[in-house]
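A.B. asks: With the hints as extra help, turn the sequences into a complete structure.
10 protein chains.
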Amino acid sequence: MLFQVQIAIRIPQGVDKTEVEKLSAAEIEQVKQLQRDGRWLHIWRVAGKWANTSILDLQGPEELHQIISSLPLFPYMEVDVIPLSRHPAAL
Amino acid sequence: MLFQVQIAIRIPQGVDKTEVEKLSAAEIEQVKQLQRDGRWLHIWRVAGKWANTSILDLQGPEELHQIISSLPLFPYMEVDVIPLSRHPAAL
Amino acid sequence: MLFQVQIAIRIPQGVDKTEVEKLSAAEIEQVKQLQRDGRWLHIWRVAGKWANTSILDLQGPEELHQIISSLPLFPYMEVDVIPLSRHPAAL
Amino acid sequence: MLFQVQIAIRIPQGVDKTEVEKLSAAEIEQVKQLQRDGRWLHIWRVAGKWANTSILDLQGPEELHQIISSLPLFPYMEVDVIPLSRHPAAL
Amino acid sequence: MLFQVQIAIRIPQGVDKTEVEKLSAAEIEQVKQLQRDGRWLHIWRVAGKWANTSILDLQGPEELHQIISSLPLFPYMEVDVIPLSRHPAAL
Amino acid sequence: MLFQVQIAIRIPQGVDKTEVEKLSAAEIEQVKQLQRDGRWLHIWRVAGKWANTSILDLQGPEELHQIISSLPLFPYMEVDVIPLSRHPAAL
Amino acid sequence: MLFQVQIAIRIPQGVDKTEVEKLSAAEIEQVKQLQRDGRWLHIWRVAGKWANTSILDLQGPEELHQIISSLPLFPYMEVDVIPLSRHPAAL
Amino acid sequence: MLFQVQIAIRIPQGVDKTEVEKLSAAEIEQVKQLQRDGRWLHIWRVAGKWANTSILDLQGPEELHQIISSLPLFPYMEVDVIPLSRHPAAL
Amino acid sequence: MLFQVQIAIRIPQGVDKTEVEKLSAAEIEQVKQLQRDGRWLHIWRVAGKWANTSILDLQGPEELHQIISSLPLFPYMEVDVIPLSRHPAAL
Amino acid sequence: MLFQVQIAIRIPQGVDKTEVEKLSAAEIEQVKQLQRDGRWLHIWRVAGKWANTSILDLQGPEELHQIISSLPLFPYMEVDVIPLSRHPAAL
Chain A
1 MLFQVQIAIR IPQGVDKTEV EKLSAAEIEQ VKQLQRDGRW LHIWRVAGKW ANTSILDLQG
61 PEELHQIISS LPLFPYMEVD VIPLSRHPAA L
Chain B
92 MLFQVQIAIR IPQGVDKTEV EKLSAAEIEQ VKQLQRDGRW LHIWRVAGKW ANTSILDLQG
152 PEELHQIISS LPLFPYMEVD VIPLSRHPAA L
Chain C
183 MLFQVQIAIR IPQGVDKTEV EKLSAAEIEQ VKQLQRDGRW LHIWRVAGKW ANTSILDLQG
243 PEELHQIISS LPLFPYMEVD VIPLSRHPAA L
Chain D
274 MLFQVQIAIR IPQGVDKTEV EKLSAAEIEQ VKQLQRDGRW LHIWRVAGKW ANTSILDLQG
334 PEELHQIISS LPLFPYMEVD VIPLSRHPAA L
Chain E
365 MLFQVQIAIR IPQGVDKTEV EKLSAAEIEQ VKQLQRDGRW LHIWRVAGKW ANTSILDLQG
425 PEELHQIISS LPLFPYMEVD VIPLSRHPAA L
Chain F
456 MLFQVQIAIR IPQGVDKTEV EKLSAAEIEQ VKQLQRDGRW LHIWRVAGKW ANTSILDLQG
516 PEELHQIISS LPLFPYMEVD VIPLSRHPAA L
Chain G
547 MLFQVQIAIR IPQGVDKTEV EKLSAAEIEQ VKQLQRDGRW LHIWRVAGKW ANTSILDLQG
607 PEELHQIISS LPLFPYMEVD VIPLSRHPAA L
Chain H
638 MLFQVQIAIR IPQGVDKTEV EKLSAAEIEQ VKQLQRDGRW LHIWRVAGKW ANTSILDLQG
698 PEELHQIISS LPLFPYMEVD VIPLSRHPAA L
Chain I
729 MLFQVQIAIR IPQGVDKTEV EKLSAAEIEQ VKQLQRDGRW LHIWRVAGKW ANTSILDLQG
789 PEELHQIISS LPLFPYMEVD VIPLSRHPAA L
Chain J
820 MLFQVQIAIR IPQGVDKTEV EKLSAAEIEQ VKQLQRDGRW LHIWRVAGKW ANTSILDLQG
880 PEELHQIISS LPLFPYMEVD VIPLSRHPAA L
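Residue numbers (my numbering), protein chains in the order written: chain A, 1 to 91; chain B, 92 to 182; chain C, 183 to 273; chain D, 274 to 364; chain E, 365 to 455; chain F, 456 to 546; chain G, 547 to 637; chain H, 638 to 728; chain I, 729 to 819; chain J, 820 to 910.
Hint data in this document are derived by calculation from the structure and do not stem from the laboratory.
Don't be surprised by glycine CBs; every beta carbon is placed ideally from N, CA and C.
Treat the hints loosely; a few may be bogus.
[To be verified] Simulated pairs of lysine-lysine, DSS-like, Cα-Cα distance not exceeding 30 Å:
| hint | chain 1 | residue 1 | chain 2 | residue 2 |
| --- | --- | --- | --- | --- |
| 1 | I | K777 | J | K851 |
| 2 | A | K32 | A | K17 |
| 3 | G | K595 | E | K381 |
| 4 | F | K472 | E | K413 |
[To be verified] Label pairs and their in silico Cβ distance ranges:
| hint | chain 1 | residue 1 | chain 2 | residue 2 | range |
| --- | --- | --- | --- | --- | --- |
| 5 | B | V106 | E | E383 | 24 to 30 Å |
| 6 | B | K113 | J | Q885 | 42 to 48 Å |
| 7 | D | Q339 | B | V106 | 48 to 54 Å |
| 8 | E | T382 | D | Q339 | 46 to 52 Å |
| 9 | G | G560 | F | L496 | 41 to 47 Å |
| 10 | B | V106 | A | V20 | 49 to 55 Å |
| 11 | C | R268 | H | Q650 | 44 to 50 Å |
| 12 | C | V197 | I | S798 | 54 to 60 Å |
| 13 | G | Q559 | B | K113 | 19 to 25 Å |
C.D. replies: Okay, here's the thing in structure tokens:
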């Protein structure tokens, strides 16, 4: 089933920049692997912000929480989750 | 280029129900045609609401405005537009 | 899987009171049946408001949208949906 | 009587991680004990966030404040309290 | 136990003025009776608005909902309920 | 004349805990003295939060500002002030 | 004592235009008289909106409520009241 | 001097469509004339909404209010005004 | 021309108190001088907050920005600017 | 195609002032170069705030994100992006 996830990253003052870069790199790899697994369908950058719009295809809220809370930048994220269903206008 | 469009429908008291159904049916046809044209990539129902999340692939804001403002239910829509760019984690 | 659903009812001026009472009565019956089916686990009144907090146990967002959008008072509802997962402190 | 409590945790930059883990572990034990006592009826994780939805069955606002303000992570919590009453649609 | 109740009245266009005056008069009588019963401790007008701040001393959320939802102007109210407990600085 | 004052306390990371306790203790004494003086009529704890609802009976905004800004925890307060007048339903 | 009052006017659909003009004209006269009485010190138009910023010099919240709630357009007003005190930088 | 003006149009249910079209047409003519006069520098459509972003070059808030409040659709507008000054990065 | 300026001061944790007092004292002198120059017409304390309401009479947004951004506490200010025009009810 | 970009700068406590000045100077040079390139059409200071309103003429969201996220003060920015299209009233 599909979930839209809106993520914004806010790094507080005092976090080491090298650490942030390391977490970012690890996050990119993790999200790529989840795409290869067919669980993270889409990820787009919100233009002009450190934020993204994603569509995940998962077995439910348990898997969603496990995936999002395991992301390396999770402690610095604002997350909105919107469960999606089929739209009558979808082909 | 990609635009995320969040649409919520609010029908005010006093609008004729048959009219709303006619507009809805026309809107579904219009969105289907735009999907066939490769301009409206995705449309999902926000579960539990009269609202949807859509991704459009267009030539720019002009085409975006022309498409959204031509939708039959446009007078009753709240619309949010988010320009999207490629995310470094996208495969 | 579990979804928390927060519903507030706002009846606009001009809706017939007898109609509202009829819709309310039908809604109560529908929600009771969904409880008997084991799909609507809890419904509580938010004290002091025409609003409720509910917990539903469903197969996913499709079933959620089908159930909520079929409620007789759906046209007058503001709905928030929160997917729930297991908490490590739950017994 | 029932209270719905929405809790979100926000740990500011500079708090020691080991300390947070110790507080979290103590909090889990405390919430489990309150469940065994029949005072904390439900706790669910809000999927994708460090947040939870809880239902407590207490003698009133005094007991509510005593319990919530004694939680080890209370200094880092945003708390919303919603008093609940019986809904006419509840079985 | 104590509940703080913030009430704002919004009369939509189209409601008959004589009806509003009748409802207001009935509401005043009802609130006075609840004060005499020792259940509605304080009611103050929020200066400059059709709104009030009230303190009620009740047996719990059930009684609170029963009282507030029985007020003649309830259909036109925005209501916020805040459960109160004893403050350590209170004499 | 009466003023409703809603106060929430937010202690930023880095403030010494012993200092906060000292300020809190001093604040409690100050508020108690103002109650004995007949100027601070009521103070209630907002259940579940480090926040309070208070009613002060003062000579005007000058005295209000002097009292609130002299509270030991004032640098960490969010304050809302609502001037109150007599309600026609008050006994 | 001084109160800052921010007023915005919102006329709902269906109110007779001639009636609004009559109420507006009466309101202007009433506000002028209050200025002559030394009770309404300043009134400015918020540029670009049907809204105003006013400073009143009154005996307290009772007089404030009596004055604002007697304004002919009061049923269509959104009102914010801010009690003012002397600023240490004022000459 | 420059003012940024953000305008959104909301037509309430019950306003005659022909009337709206007439007001829209008159508004377009009025805005064009103000552009020819060098007072309305830019007007852009906010893509996907009945809203616009404008930059006006005026003698001050008096002229701003006179121009905006004379627009035929003013009764249905939400207006935000932002005074602009020269930016150090402007060529 | 007139501008209403609403200023709230928020000093983050870690700023030296003596420095804040020095900046405050300098700011008071600067605002007093601007009053003597006839450019800062009014300044009032928002009762109960570290905030003020001011009315400035300036040549336009350039002078406004120059004055506000030169205030010693500017780095710690939240500022709202509202251009004012003559109200038809003003004497 | 045109994008309106609203940028506010918020420097957290603890960032070195000389560093901020260096980043500001570099940002001004970068924005000037983008204006010479015909990509950054307008930049105005929001009077009274460390914020600006800008209009960019770009090939799409990719270029927008590349430009905004390369600005030296990007880590301290709040950014809002509004895609613009031609307005029927534009000359």
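A.B. asks: Work down the list of hints and note, for each, if the structure agrees.
C.D. replies: Here is what the structure says about each hint:
| no. | hint | verdict |
| --- | --- | --- |
| 1 | I:K777 with J:K851 | violated (41 Å) |
| 2 | A:K32 with A:K17 | holds (23 Å) |
| 3 | G:K595 with E:K381 | holds (28 Å) |
| 4 | F:K472 with E:K413 | violated (41 Å) |
| 5 | B:V106 with E:E383: 24 to 30 Å | holds (25 Å) |
| 6 | B:K113 with J:Q885: 42 to 48 Å | holds (45 Å) |
| 7 | D:Q339 with B:V106: 48 to 54 Å | holds (51 Å) |
| 8 | E:T382 with D:Q339: 46 to 52 Å | holds (50 Å) |
| 9 | G:G560 with F:L496: 41 to 47 Å | holds (43 Å) |
| 10 | B:V106 with A:V20: 49 to 55 Å | holds (51 Å) |
| 11 | C:R268 with H:Q650: 44 to 50 Å | holds (45 Å) |
| 12 | C:V197 with I:S798: 54 to 60 Å | holds (57 Å) |
| 13 | G:Q559 with B:K113: 19 to 25 Å | holds (23 Å) |
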